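S.K.: Each chain is listed here by its residues.
4 protein chains.
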Amino acid sequence: MTKTGIIGATGYAGAELVRILSGHPDVKLTAITSRQYAGMKYDSIYSSMAGVVTLACEEFNMDSFCDKVDIIFIALPHKIPMEIVPGLIKRGKKVIDLSADFRFKDVLRYEKYYQPHTAKELLKEAVYGLCEIYFDEIKNASLIGNPGCYPTSVLLPLVPLLKENFIDINTIIADSKSGVSGAGRSLSLTAHFCEANESFKAYKVAGHRHCPEMEEILSAKAKKPVTITFVPHLVPMTRGMLTTTYVNLLKKTDSKEIRNCISSFYARHPFVRICPENQVPDTMHVRGTNYCDIGFKIDERNNRLIIISAIDNLVKGAAGQAVQNMNIMLGIDETRGLNNIPFAV
Amino acid sequence: MTKTGIIGATGYAGAELVRILSGHPDVKLTAITSRQYAGMKYDSIYSSMAGVVTLACEEFNMDSFCDKVDIIFIALPHKIPMEIVPGLIKRGKKVIDLSADFRFKDVLRYEKYYQPHTAKELLKEAVYGLCEIYFDEIKNASLIGNPGCYPTSVLLPLVPLLKENFIDINTIIADSKSGVSGAGRSLSLTAHFCEANESFKAYKVAGHRHCPEMEEILSAKAKKPVTITFVPHLVPMTRGMLTTTYVNLLKKTDSKEIRNCISSFYARHPFVRICPENQVPDTMHVRGTNYCDIGFKIDERNNRLIIISAIDNLVKGAAGQAVQNMNIMLGIDETRGLNNIPFAV
Amino acid sequence: MTKTGIIGATGYAGAELVRILSGHPDVKLTAITSRQYAGMKYDSIYSSMAGVVTLACEEFNMDSFCDKVDIIFIALPHKIPMEIVPGLIKRGKKVIDLSADFRFKDVLRYEKYYQPHTAKELLKEAVYGLCEIYFDEIKNASLIGNPGCYPTSVLLPLVPLLKENFIDINTIIADSKSGVSGAGRSLSLTAHFCEANESFKAYKVAGHRHCPEMEEILSAKAKKPVTITFVPHLVPMTRGMLTTTYVNLLKKTDSKEIRNCISSFYARHPFVRICPENQVPDTMHVRGTNYCDIGFKIDERNNRLIIISAIDNLVKGAAGQAVQNMNIMLGIDETRGLNNIPFAV
Amino acid sequence: MTKTGIIGATGYAGAELVRILSGHPDVKLTAITSRQYAGMKYDSIYSSMAGVVTLACEEFNMDSFCDKVDIIFIALPHKIPMEIVPGLIKRGKKVIDLSADFRFKDVLRYEKYYQPHTAKELLKEAVYGLCEIYFDEIKNASLIGNPGCYPTSVLLPLVPLLKENFIDINTIIADSKSGVSGAGRSLSLTAHFCEANESFKAYKVAGHRHCPEMEEILSAKAKKPVTITFVPHLVPMTRGMLTTTYVNLLKKTDSKEIRNCISSFYARHPFVRICPENQVPDTMHVRGTNYCDIGFKIDERNNRLIIISAIDNLVKGAAGQAVQNMNIMLGIDETRGLNNIPFAV
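Protein chains in written order, with the working numbering: chain A, 992 to 1336; chain B, 992 to 1336; chain C, 992 to 1336; chain D, 992 to 1336.
Read the hints as simulated data drawn from the structure, not as lab findings. Wrong hints could be hidden among the right ones.
The list makes no distinction among identical chains, and a pair is therefore deemed to hold if it is satisfied within one copy or across any two copies.
[As the list claims (entries may be wrong)] No farther apart than 35 Å at their CA atoms in a straight line, the calculated lysine-lysine pairs in the DSBU-like style are these:
id : residue 1 : residue 2
1  : Lys-1243  : Lys-1019
2  : Lys-1243  : Lys-1215
3  : Lys-1212  : Lys-1243
4  : Lys-1032  : Lys-1243
5  : Lys-1214  : Lys-1096
6  : Lys-994   : Lys-1243
7  : Lys-1103  : Lys-1154
8  : Lys-1103  : Lys-1247
Since the model is a prediction, treat every value here as computed from it, not as a measurement.
Given the sequences, and given the hints that come with them, work out the whole structure.
M.R.: What follows is the structure, encoded as structure tokens:
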């Protein structure tokens, strides 16, 4: 059985990795690290898992950690992963990094929005882990830059439409809304219950780091530079992300053609679901699942396409997609360990 | 003291009218109607007002109601107001109608989205009660079509920019988010706690009736037909509405010019507040108040303006603006009865 | 593979049965009924299950339904089950009824709080499906009266303490708090988002029908009549139930003895978890799971025991326990199909 | 006009004081202090008050602060107030302290649960500011120990019943539930949105510092030592507190007698409202108000009284009661500045 490990297992994305990997039928979670909680059993940190996940957190040590695991997930803030990934790769490990450190091919873009990159040489071989789009590259990858949550929700519906030349890529506006867990478990006024509850607001308006990430992929697909307008908002709920994307259509078309374009692109990818005509995605429908639900409507008077996509920011937007990447790398069905039946409420 | 009455006092907008008028220093609430709760004292319907609002609801009767009141608010679903307003006007009453029935000058537009209009002759004299924009007309009006919540949040920031020729009116996209109280007190699955809680979704995508209402005003101001793209969403909170509007700029400009344009337009109108540089509106900041908070950011790479506006859908989006209209009609300070100090949380 | 069916599959308890049974490795869900949604595919009712649960709802027909299934779950309001259970039993089916109709041995008690019982003859053979307490009886049962959510949370910690004579059964006070899904999917002002959100209240104070249900079991265990005081409250959250029970201790004791009593009683029952010293249950820790978490504290100054128990009202409080009952009846591990790893948040 | 000041104005209780005092018709808020935000205008800390409260926070300086104000509110954590109150009193100021420092007559009790008291000499003259109970003492007080939120909700219904000898004071159990704002604005995992949302839990079970505070008052009223059992819980909402109190009745009685006892006691105190027969308090009914709503039910089978009381923890449980104390000290109507009409939702 494949042995997996998580570096940084106690944030919300880490906890979601723990949850999914602990229930995965084909792999075993054999090591987890945490600086803050080193030495503590996992279920003393998250009591929901009492008696279920009793593995202890350890301080990260390159050699001893690598001895225990085959595939490694990193759920740490950017900058730290690029310091440790070279060592992991050198030891022959496969790595799925949930930070931004290995998402960019264009190092200058990365350095403009983050900081100097200290493992540039790995960027070429790293694969952007948007599973349905880079499926073939992922199969043979050793290093995955797992996508951000916002880019996942924005790119999945756009890529097929871009490929089929339906949309004017100079007119993309993505208005995203995220649950509070996207801000992580760190303490901040933003995540204080009384400041988030009964509140709705935008943040980092046209200044969020996920924007260049989306633009790199869109530019690559369009084979020319693309800039978009992106505004994220904070919703008073724990999980869930919904993006409403507005884009001008390049030609007169109808719902059926749009639907065919997206449906056929994702025909063999069960985690992308297209809503029936006249229905729209709801974050509740994907809560706790790895689905990306997509709906759309043509605003005919303006020949503009309105696309709505919903994911669970912690699953398809983070840990779930990371495990999906692992499945693809292992050559097993991409849904393994991720096919829990969704809750109705 | 001016005597006021409310026809349809027990929905959420009606209850907000009751709250505001009961605390208003210059008027007296002397009659309220309700079909469902006729005969019941108001505080047996809303226990929060126990001992505070003890007026009883009555069945609406044209003559006896008109005997008791000078200014009348109507908080009923569209179609009913147009049946009773002619009688009220004939009896010399001033009327502020919160439904859509008297918001349109273009009766065909109304009839396309609602139903045949049975009091067309009153549309000419009716004034669209967007207080800061139609202040002078409101002063002398007898009949106010009180604006919808979405139009209020969309129009207030746009009108000054349109007037000063900053924006390309063919590129307006309004992405709105509303608390659940906007759906009213009627029972529906949409408003069921378990279906709205921990959920975020769009509804009536590019098909909401508030869209033609906005377009009528924008077209009037632009002196040519304007169509926009409008998508409303539902937020798991009780009160609050935030609209993110995207529009192309007609010329190179900067934050200072935009700020000056909006600020100077609203210089004498205290309920419109412009956020300081680098701050954004939050529905929590206007909860329970009649404010409309406005923030903006220029997306320079795309020469696009992003405007964010926040209101309390039940106050500036309904009952508060209705009372503001009354204040203007009475020639008293527009803030009377609406100047409660905002809550921090 | 055992074939299971659900009569009344579209309420929240029904939907939770659908979720659990669809993912159960040892049984197959072969028929579901709904009067309101007959003919519709399940995933057109609950979009979260799009592409996952595509079985269609049918009108209930005794013969055709019984042809398709071996074990039957009923998730309908009380009164209807007692009308159809005799027919199911006559056809040799095993039945797990989630209503109150088969929870009582004392028919007079049932009739006092509900209505005349029309299938009295089945009460003797019916087993009260509180799994950990009536495990042996359940094994051979044909008809299970699945416990109410409140009784489950109240009885699980009390029964071992009662058996070991720790507590004065005349002093039991149970103060329970439930999420809104306990009120079901039916429309009501109580479940309206704006009336439940930002609200906390009691309801049916000392008048809830689950009280006699608890008293029947406690009386049976104590071998004398027991009356308790029970007050349920409504919490602004979707799922979860927490009960704080107060009871006088019969003797001087300490935490260790209390812990031993409960722990040893549940030693072989994994769904009851005892919190570590100085920790307390949290409904979030059991959300979406079949666990009942129990914590306690001795108030030494008053020689009173404070017990806190948490369940997910839709799982251990309804559908999960129903499936656990089925597992026991089938002679398979009681955790089958119920051992999903809990979420951290 | 009386000049008021707030020491520690930027926590939630402080912000609520700012809100109420800024709208108070008879006093003027002339000075506010904050260590963290010294030099900043208040509306740059709480944007809801933009343009409304523009006073700047200052560092606390004894002499300059006292020069500006007549009546002083302190909203700081316990221990700090007792260091500065002697200086304020020496300068002839009237002081209302929201911490626990001046709530106790029995210094040993205080020191057992808090720390050594450094201003013991003031305890004798300090008055416990439970307004309706100690009205006459408050009139002439110079120093008020403003009650805790839990004690306010527990004591208001109990004192009249205790005085009239209805209840067995050895059997009091108070099960309280509080919104998250009770935990203050400080950052903590407990107040993290994702840990509080969709969660219900107890905390400090039989170990909360408000318990000795209640016991001191109850003992004083009963003229003998009283111990109670008290368990607080955390509700996923911002504001509101509901307490369910269980107590044995000393004699056979009925609802009418209980109602008369409480009603007549509070006949001249408008902030205590008794719910009509068969209705129960709801935190939503008192949100943003200074009311304490009280309901009750006799559990006749056990001759036990169940009392339910609801307050807004930040208003009647903190800042509102503090202002009510000020009103009484000033000899003005106790409702001045606190009589905003309640919201329906």
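S.K.: All hints are to be evaluated individually against the structure, with a verdict given for each.
M.R.: Status of each hint after checking the structure:
1. Proximity of Lys-1243 to Lys-1019 under the C-alpha cut-off of 35 Å is found in neither arrangement, the shortest distances being 51 Å within a copy and 47 Å between copies.
2. In the homo-oligomer, the alpha carbons of Lys-1243 and Lys-1215 lie at most 35 Å apart both inside one protomer (23 Å) and across protomers (24 Å), since each shortest distance falls under that limit.
3. Proximity of Lys-1212 to Lys-1243 under the C-alpha cut-off of 35 Å is found in both arrangements, the shortest distances being 22 Å within a copy and 30 Å between copies.
4. In this assembly of identical chains, the alpha carbons of Lys-1032 and Lys-1243 lie at most 35 Å apart only when taken from different copies (34 Å versus 59 Å within one copy).
5. For the homomeric pair Lys-1214 and Lys-1096, the shortest alpha-carbon distance inside one copy (14 Å) is at most 35 Å, but the shortest distance between copies (49 Å) is not.
6. Taking identical chains as interchangeable, the C-alpha atoms of Lys-994 and Lys-1243 are never at most 35 Å apart, the minima being 52 Å within one chain and 50 Å between chains.
7. In this assembly of identical chains, the alpha carbons of Lys-1103 and Lys-1154 lie at most 35 Å apart only when taken from the same copy (28 Å versus 38 Å across copies).
8. In this assembly of identical chains, Lys-1103 and Lys-1247 lie within 35 Å of each other by CA distance solely across copies; the values are 26 Å between and 41 Å within a copy.
In summary, the numbered hints that this structure violates are 1 and 6.
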